[in-house]
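**Student:** So you can see what is in the structure, the chains are spelled out below.
There are 2 protein chains.
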Amino acid sequence: MSVENLNTVSLGHSLQKEVSGARAAIETRLATIVPSAQTWPARLHEAQRHALLSPGKRFRPLLCVFVAKGAGLDGEASIDVGCVAEMVHAASLILDDLPCMDDAALRRNQPTTHIAFDESTAILTATALLNRAFGVLSRLKHVDAEKRIELVDLLSYAVGSKGLIAGQMADLANSDNNASIAEIERLNTLKTGALFDFSVEGAAVLAGAKAAQRAALKDFSYHLGLAFQLMDDVKDTIMTDEEAEKSVGRDVGKATILALTGSDAAMERLAAYIDSAKAAIARANLNNETTLNVVLDSQFSFLKS
Amino acid sequence: MSVENLNTVSLGHSLQKEVSGARAAIETRLATIVPSAQTWPARLHEAQRHALLSPGKRFRPLLCVFVAKGAGLDGEASIDVGCVAEMVHAASLILDDLPCMDDAALRRNQPTTHIAFDESTAILTATALLNRAFGVLSRLKHVDAEKRIELVDLLSYAVGSKGLIAGQMADLANSDNNASIAEIERLNTLKTGALFDFSVEGAAVLAGAKAAQRAALKDFSYHLGLAFQLMDDVKDTIMTDEEAEKSVGRDVGKATILALTGSDAAMERLAAYIDSAKAAIARANLNNETTLNVVLDSQFSFLKS
Chain A
16 MSVENLNTVS LGHSLQKEVS GARAAIETRL ATIVPSAQTW PARLHEAQRH
66 ALLSPGKRFR PLLCVFVAKG AGLDGEASID VGCVAEMVHA ASLILDDLPC
116 MDDAALRRNQ PTTHIAFDES TAILTATALL NRAFGVLSRL KHVDAEKRIE
166 LVDLLSYAVG SKGLIAGQMA DLANSDNNAS IAEIERLNTL KTGALFDFSV
216 EGAAVLAGAK AAQRAALKDF SYHLGLAFQL MDDVKDTIMT DEEAEKSVGR
266 DVGKATILAL TGSDAAMERL AAYIDSAKAA IARANLNNET TLNVVLDSQF
316 SFLKS
Chain B
16 MSVENLNTVS LGHSLQKEVS GARAAIETRL ATIVPSAQTW PARLHEAQRH
66 ALLSPGKRFR PLLCVFVAKG AGLDGEASID VGCVAEMVHA ASLILDDLPC
116 MDDAALRRNQ PTTHIAFDES TAILTATALL NRAFGVLSRL KHVDAEKRIE
166 LVDLLSYAVG SKGLIAGQMA DLANSDNNAS IAEIERLNTL KTGALFDFSV
216 EGAAVLAGAK AAQRAALKDF SYHLGLAFQL MDDVKDTIMT DEEAEKSVGR
266 DVGKATILAL TGSDAAMERL AAYIDSAKAA IARANLNNET TLNVVLDSQF
316 SFLKS
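In order, the protein sequence lines correspond to chains A and B.
In case it helps, our numbering puts the first sequence at residues 16 to 320.
In case it helps, our numbering puts the second sequence at residues 16 to 320.
Think of the hints as simulated: they come from the structure by calculation, not from any bench.
For every residue, glycine included, the Cβ atom is placed at its ideal position computed from N, Cα and C.
Do not take every clue at face value.
What the hints assert, rightly or not - Have a look at the derived ranges for each label pair, beta carbon to beta carbon:
#, chain 1, residue 1, chain 2, residue 2, range
1, B, A286, A, D133, 32 to 42 Å
2, B, D133, A, I130, 13 to 23 Å
3, A, T47, B, N300, 36 to 46 Å
4, B, A57, A, M254, 28 to 38 Å
To be verified - No farther apart than 16 Å at their CA atoms in a straight line, the calculated lysine to aspartate or glutamate pairs in the EDC-like style are these:
#, chain 1, residue 1, chain 2, residue 2
5, B, K293, B, D234
6, B, K72, B, E42
7, B, K162, A, D159
8, B, K162, A, E161
9, A, K72, A, E260
10, A, K156, B, D89
11, A, K162, B, E257
12, B, K156, A, E165
13, A, K162, B, D118
14, B, K156, A, E260
15, B, K162, A, D168
16, A, K156, B, E161
17, A, K156, B, E165
18, A, K162, B, E165
19, A, K162, A, E260
20, B, K269, B, D117
21, B, K293, B, D312
22, B, K269, B, D118
23, B, K162, A, E165
24, B, K156, A, E91
25, A, K162, B, D234
Stated by the list, open to error - Covered by chain B, according to a simulated footprint, are these stretches of chain A (three or more residues, beta-carbon under 8 Å):
#, region
26, 69-82
27, 140-146
28, 221-227
29, 261-269
Same shape as in the complex, but just chain A:
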């Protein structure tokens, strides 16, 4: 092995170590961000912990932490804002899996919250996670009130009538096989992109990023959201429950890019989304572009398998 290759390998190792270190810090914070399982009413908190602490990729918190770091801010606040995104993500999964929505029994290789507990507990748990997310933002340490309020505003926008909830409403009504690619992309941007936008833009707010950097980061999270949702659609179609570690086949009859264009074109489109996301990172002028690419590649590793 040449010295040059050796350097590349050890750089790779040190980046991997940086990413796994951040992931460990995120797990540690998630474990304390909601009340203990013994806190009254215990069932509510057991269910919160079941949904939030089940083994996940923690992609949204990792994004937040590394974008903030690349824009010049290292520290606890970006972990907290990342955990906020993870809490809202967990809440949205609880609701999506309900019998009246996707009716899924398996998530992250364990029973969904309404199966492990019951429907009313699941609904109240999701509501509690969303509510607590705002509470965490209101108490961010060493972040001035103006920034905390901007983060509250960003989260409310990402979740609301122009974000996650609108996307879920539209997805439930989605059976329009005449939908265009543009319409499906719009839906995916709401359903998945909104919380990526919050994670990335939240990091930019914390780091005090300037307008040009924020614009490039917005472009990054936009393409990332599209890539991630398309990958999810592919998994839903080609994987088994065991491989995907969740109930698959939920998209049958829905208008997806995969259904519309077929598998080959969808995979090409996915690669193009990822390229656009990486190009946007390059434009964002972060000081840790290589690390962010490692984070991205780990999420899309199944493309190489």
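Model the placement of chain B on the given structure of chain A, informed by the hints.
**Tutor:** Just chain B, lined up with the frame of chain A:
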């Protein structure tokens, strides 16, 4: 009629007029605080408007507006904070009425949200109302960021694991007929009191009330919450659906103060709660005690019928 009586009557009229003026301003604001019914996705916004704009007493917003006014602050911000309480109240009613919770078909004399629409729409609508409530707080006009963040924190506390959601969890598990009055009061404080606390304490924050005034106001909302929940329990037992304008008989088998002590003792206790609430208002040294008493009496008017 003596001149003195005439003055009392005209004072009564002018107070009534003040209260109905505030109620009209609240209705006007509620109608614009969530997106129009035409905004995409229309079904989500139709359902929000169905739940939020159905004829309600608007007791929480009225409390917020008049407590703020009495503490020296008049203006739009207290209407908005009051509307926030109403939005969260509407969200909690949507969830309480779901088939997996109280399974109620009628609310405010109209079909509950899951009946008028469907379960998934109802759940997403409740989530959207809670989420939007935080968004409204983040954008309060002419209120500095420190106060807005304090309000976000107060709301998250009122809704969360030590408030509304904990109360609803405990209420769903409530079938303990050996519960003591103290335990039932604790439950009622969470289930109903938490949002009264937010309405009253939110007003105090807006008005910049000092510690002693805030303490008296806390005592006021505490007793008011107990009174209101007990009145609700009485209505659930003695009224028909038509009289209560909602599905009644939901408390059968639950531990309530009414079930525990019987009707006469419960009515005495209710009167004592109201007296304590009024005594606390007197201590709070507001400049509009009489108006607040008019607001209170209008809520408890059925006691005289």
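**Student:** Has the given pair, B/K156 with A/E165, been kept, meaning a C-alpha gap of at most 16 Å?
**Tutor:** 14 Å, holds
**Student:** Would the hint linking B/K162 and A/E161 be met if the CA-CA limit is 16 Å?
**Tutor:** 10 Å, holds
**Student:** Closer than 8 Å, Cβ to Cβ, for at least three residues: run that test on the region 69-82 of chain A against chain B and report holds or violated.
**Tutor:** violated (count 0)
**Student:** Hint check: B/K293 vs B/D312, CA-CA at most 16 Å. Holds or violated?
**Tutor:** It holds: about 10 Å lies between the C-alpha atoms, which stays within 16 Å.
**Student:** Please work out if B/K156 and A/E91 have their alpha carbons no farther apart than 16 Å.
**Tutor:** Distance ~30 Å between B/K156 and A/E91 Cα, so the pair is violated.
**Student:** Does the structure keep A/K162 and B/E257 at a Cα separation of 16 Å or less?
**Tutor:** Roughly 49 Å separates the two Cα atoms, so the pair is violated.
**Student:** Holds or violated: B/K162 with A/D168, Cα cutoff 16 Å?
**Tutor:** 15 Å, holds
**Student:** Taking the beta carbons of B/D133 and A/I130, is their distance inside 13 to 23 Å?
**Tutor:** This hint holds: roughly 21 Å between Cβ atoms.
**Student:** For A/K162 and B/E165, compute the direct alpha-carbon distance and say whether it is at most 16 Å.
**Tutor:** 14 Å, holds
**Student:** So the hint says 28 to 38 Å: do the beta-carbon atoms of B/A57 and A/M254 match that?
**Tutor:** Holds: the Cβ-Cβ distance is about 35 Å, inside 28 to 38 Å.
**Student:** Check whether the Cα positions of B/K269 and B/D117 lie no farther apart than 16 Å.
**Tutor:** 12 Å, holds
**Student:** Honestly, do A/T47 and B/N300 meet the 36 to 46 Å range at C-beta?
**Tutor:** Holds - the Cβ-Cβ distance for A/T47 and B/N300, about 41 Å, lies within 36 to 46 Å.
Comparing the model with each numbered hint stated earlier shows that hints 10, 11, 13, 14, 19, 24, 25, 26, 28 and 29 do not hold.
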